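K.L.:
Residue strings, one per chain:
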Amino acid sequence: MNDKQTIKLTYREALKQGMLDALRNDDRVFLMGEDVGSYGGAFAVSKGFLKEFGPDRIMDVPLSESGFTGAGIGAALGGMRPIVEIMTVNFSLLAFDQIANNAATLLHMSGGQLSVPVVIRMSCGTGRQLAAQHSHSWEPLFAHIPGLKVISAGTHEDARMMLQPAIDDPDPVILFEYTAMLNMEGEIPADIQSVDISKARVRREGSDISIITYGSGVYKALGAAAELAEAGIAAEVVDLRVLRPLDTATIVASVSKTHRAIIVEDAWQSVSISSEVSARIMEKCFYDLDAPVERLCGIEVPMPYPKHLEEASLPQKDQIVALVKKIVNYG
Amino acid sequence: MNEEEIKQTVIRLLKNIAPDMNPEELQPDDSIRQTLGIDSFDSLQFVVAMDEAFGIDTPEEDYGKIQTMKSLLEYIKSRMRK
Amino acid sequence: MVEYRMPSLGADMEAGFLREWRVKPGDHINRGDIIAEVETQKGIIEIEVFDEGIIGELLLKIDDKVPVGTLMTHILTESEAKTGMKVGEKEEEKVPPKEAEIEEKEAKVAGEAATPPPAIPTPPPIPVHRIRASPLAKRIAAERGIDISLIKGSGPEGAITRKDVEEAVTTQPRPLSEQASYDAAQQPTPEKSTTDTMRMAIAAAVSRSNREIPHYYLQTKVDMSLALAWLTDTNKQRSVKDRLLPVVLYVKATARALEEVPDMNAWWDNGLQRKKDIHIGFVVSLRTGGIIAPAIHDANKKSTDELMKDLSDLIPRARAMRLRSSELVDSTITVTSLGDNTVETMFGVIYPPQVALVGFGGIKEEPWAENGMVGAKPVLTISLSADHRATDGSTGSRFLTELKKYLNQPELL
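Protein chains in written order, with the working numbering: chain A, 978 to 1308; chain B, 554 to 635; chain C, 13 to 425.
Excised from the complex, chain A in its bound form (with noise of 0.2 Å):
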C-alpha cells in the first residue's frame, strides 16, 4: 500500500463523501433524520446537503424515532433507498420495534414479495464524556436480529465506503458508526472503489495471536499490535466489521493460524459480539487452541460521566498489550 496514493481526511468528513456519494449517484437516495438539513446535522456530517439536494432529499424530521424511522421502511418498501439517521444509538430503542418487528421480518412474512432495503445509521459509543444515556455500545443487541445485516464501520475506510454497498443491499442494513472517531485523521487509498459488506478483514496480519475486534477497538488493536511487534510479538488484528451474519470463516482461518485469540469490544461483557465469538471458535477451532480465549469488553456498568472512569469503564491499548503478553509468555 505504500507505493499507492492515499487521502488524508477525518471520520466526519469520510461519512460525509459516502452520503454525497449515494445522493449522487441514485435519486431514489434520500437522507432523513433529526437535525440533518438546515442545522447540518447534529455531528455536522450532512452540512450542505440542505443546499445541494433540496428538502425533499435531505428531510428534518420531528423528534419521532418510532414514527420517522417508520416512514423510512415504509419509503424503502415503495421502491425508495432511504438513508435514516438516529442520531445517536441510545434513541434506537424508541425506533427499536420498527427495526426489529418490521423490518427485519417482512421479507419473511411476506414470503419474500417484500424487501426492506433500508439503511439505518446510528452513531454509536463512547468517549465523548457522554455519561450513562448518551455512550452505549449496543452492537449486540441489533446483531441479535435475524433479518438485518449489522456494519460496523471501525477505520476511515469503511466509514468512507461502507454507506454504498449498504444502500445497494436489498435487505435492511444498520451501519454504526463511532462519534469519539469524528475529528480523528486518517489514511485511505485514493483509488478505492467499494469495499465488501459480507466480510471480515485483516487489518495487520501475525502469527502469534488473534486480536478480534471491530468499531472502536479496531484502531486499539492496530496500536496495540505494533506495540507488540516491539516486543517481538506478531499480532494478527481482525475487523470483524459485519457483526451480522458474522463472517465465521476469516475468524477460523485467523485462529487456526495464531491457536490464540482475545476479543476486543466496547460493549458490555456479557452476552455481546465477544461472547458469539468465543462461542465459534470454540466450536470450529478448539482443537487449535493453545490458550483459552481471552475477552476485553466494557466493564458491565452505567457509562460513568468522569473521564477517567469512562476511561476505566473501557479496553484501552495498554490493557490488550498487557493481556497479550500474558498469553502469549505463558504459551
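Honestly, the hints are just simulated from the structure, not real lab data.
These figures come from a predicted structure and were not determined experimentally.
Backbone N, C-alpha and C fix where the C-beta goes; we use that ideal spot for every residue, glycine too.
Incorrect hints may have been included.
Stated by the list, open to error - Now the in silico label distances, taken between C-beta atoms and shown as ranges:
hint: 1; chain 1: A; residue 1: Lys1176; chain 2: C; residue 2: Glu179; range: 32 to 40 Å
hint: 2; chain 1: C; residue 1: Glu155; chain 2: A; residue 2: Met1259; range: 15 to 23 Å
hint: 3; chain 1: B; residue 1: Asp615; chain 2: C; residue 2: Arg31; range: 42 to 50 Å
hint: 4; chain 1: A; residue 1: Lys1261; chain 2: C; residue 2: Ser166; range: 20 to 28 Å
hint: 5; chain 1: A; residue 1: Lys1176; chain 2: C; residue 2: Lys288; range: 21 to 29 Å
hint: 6; chain 1: C; residue 1: Ser251; chain 2: B; residue 2: Lys623; range: 40 to 48 Å
hint: 7; chain 1: B; residue 1: Lys623; chain 2: C; residue 2: Thr182; range: 28 to 36 Å
hint: 8; chain 1: A; residue 1: Glu1182; chain 2: C; residue 2: Phe62; range: 18 to 26 Å
hint: 9; chain 1: A; residue 1: Glu1182; chain 2: C; residue 2: Thr413; range: 53 to 61 Å
Model the placement of chains B and C on the given structure of chain A, informed by the hints.
P.N.:
Then chains B and C, alone, in the frame of chain A:
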C-alpha cells in the same frame, strides 16, 4: 574371645556396612577401606560398632593402625588385653 | 480447606506410587507431620504436610500410581471437618461419568498384565486426575505419539502448551522417553530395578542441567593444617560416637560463606530467586550405584555437633532410601565430597533449580609455598560449579574466598 571369633565379628560388622561385598574374602594385607569401598562416614560407623562389640576405645590417632585385616585384628587383640 | 496433591520431589519426578497412608480420615495433623509414603526413583519418601488441620477423605489407594499434582486428600479446618468429611467425595462426583470411564479404561490398559479384571461389578475407585493441556498441545502430542502425561507444563497453572510439547519432541530422545520415562509412568509396578530407574532419573536431571545451565567453574586450594589440627584436638576429647569428620567443616564453612554471598544460595526460575534459608544438599553415593543429595536444613544455624548428628541420621536413611519429601526438594545448593578417594578436583553438574555446586576433593600432602618458604602441607582443593545466568565469576570468587577464610579459622565455625 579367640582370634577366629574376633575375625567373624569384624566380618559381620563390615558386612553391615558393605552388604554388597564379601569381607570374608579379604586378604590379610588388603586395605579394608579401598577393597570394600568404604568412605569416611562408613568407616567412622565401623569404628563405633567395633568399639561397642569389643568393649574398647579407639582414639583417632590409631586409625592408621587398623587399615588391613591383619593389623586390625592385632589392634583389637591388644586393646582387649588392656 | 487445603488440597493436598502428589508433590514434586525434584525436577525429574513425573509420578509417584502411594505406598502407605500414615493417617486416616479425621486425624489431626500438624505442620511437618508425615502423612504418607510415596515411592519414586529415589526410594520410598516420607511425605510431610505444611498445614495444620484434619485429614479428609483419602483419595488414593495403596499402590496407586499418579502423576505429580494429583489430589491425594484434603486438609480441613475444624469447622469443615465438623460439617462433613465428604468434601473430597463431592468433588469426585462432579466429574462427569464419561471422564471416570476414560480414567478407568486407561488404568485397565496400563494394568492389564499385572491385575486381572475384578470379578465384582463395581470397580474400585480410580484416582481422578486431569492433565491440564491446551487442546492444540494434546492434538500435537497425539499426532506425534508423545505421552503428554510426561510433559511439564509452562502455561497458566501449569497447563501444557504447544511449546512444551514441541520442546519435548526435540529434547526427549525417543529411546530414552520410550523405554525409561514411559515405563516409569505407565507400569503399575516398577519392572526395572530401583537402580535402573534412579540411573534414568539422574540421566534426565543432569542432561537438563547440562542443556539449560551455562556452567562456569572456579577452583582454589586451602592449607588444611589448622582445620585438621582443630579437628584432631576436638576429637581427642570425644568418644568415637561424637567425633567429627572433615565433611562437617565443609558443610558448615559452605553455609557460613553463603551467608556472606547470598547470591549463591538461590534458585534460578525465570530469574535469580535468593533463598532466605540455607539448606545444603549433601551428595551421598549409594553402594549400589547412583547418588542422592538430601538437604541438611538450616545448616548455617547448626553447630558442628548438630551437623554431624544430622549427617549420621541422613546418610544411613539416604542409603536405605528412606528420606522425607522436604529433604528431597528444599536444597538451595549442593555440596559433594569425593575426598575418600584420591581425586583432588571435581567439576560437578548443578542440580536445577539450584545455581551452584561446591566440590571438595581429597586432602593431599603437597609442597606449599608461603612467605617465601616451601613446606609440605595437607592441601584441599575446592571447586565451584556455578550458573552463569545467576552469577558471574567475581561472585563465585568471593564465595570461594569466604569459604577458604572459614576453613582457615575453624574455631569460628
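K.L.:
Indicate, hint by hint, whether the structure satisfies it.
P.N.:
Tested hints:
{"no.": "1", "hint": "A:Lys1176 x C:Glu179: 32 to 40 Å", "verdict": "holds (37 Å)"}
{"no.": "2", "hint": "C:Glu155 x A:Met1259: 15 to 23 Å", "verdict": "holds (21 Å)"}
{"no.": "3", "hint": "B:Asp615 x C:Arg31: 42 to 50 Å", "verdict": "holds (44 Å)"}
{"no.": "4", "hint": "A:Lys1261 x C:Ser166: 20 to 28 Å", "verdict": "holds (27 Å)"}
{"no.": "5", "hint": "A:Lys1176 x C:Lys288: 21 to 29 Å", "verdict": "violated (59 Å)"}
{"no.": "6", "hint": "C:Ser251 x B:Lys623: 40 to 48 Å", "verdict": "violated (26 Å)"}
{"no.": "7", "hint": "B:Lys623 x C:Thr182: 28 to 36 Å", "verdict": "violated (59 Å)"}
{"no.": "8", "hint": "A:Glu1182 x C:Phe62: 18 to 26 Å", "verdict": "violated (49 Å)"}
{"no.": "9", "hint": "A:Glu1182 x C:Thr413: 53 to 61 Å", "verdict": "holds (56 Å)"}
Figure legend: structure checked against the earlier numbered hints; hints not met, in rising order: 5, 6, 7, 8.
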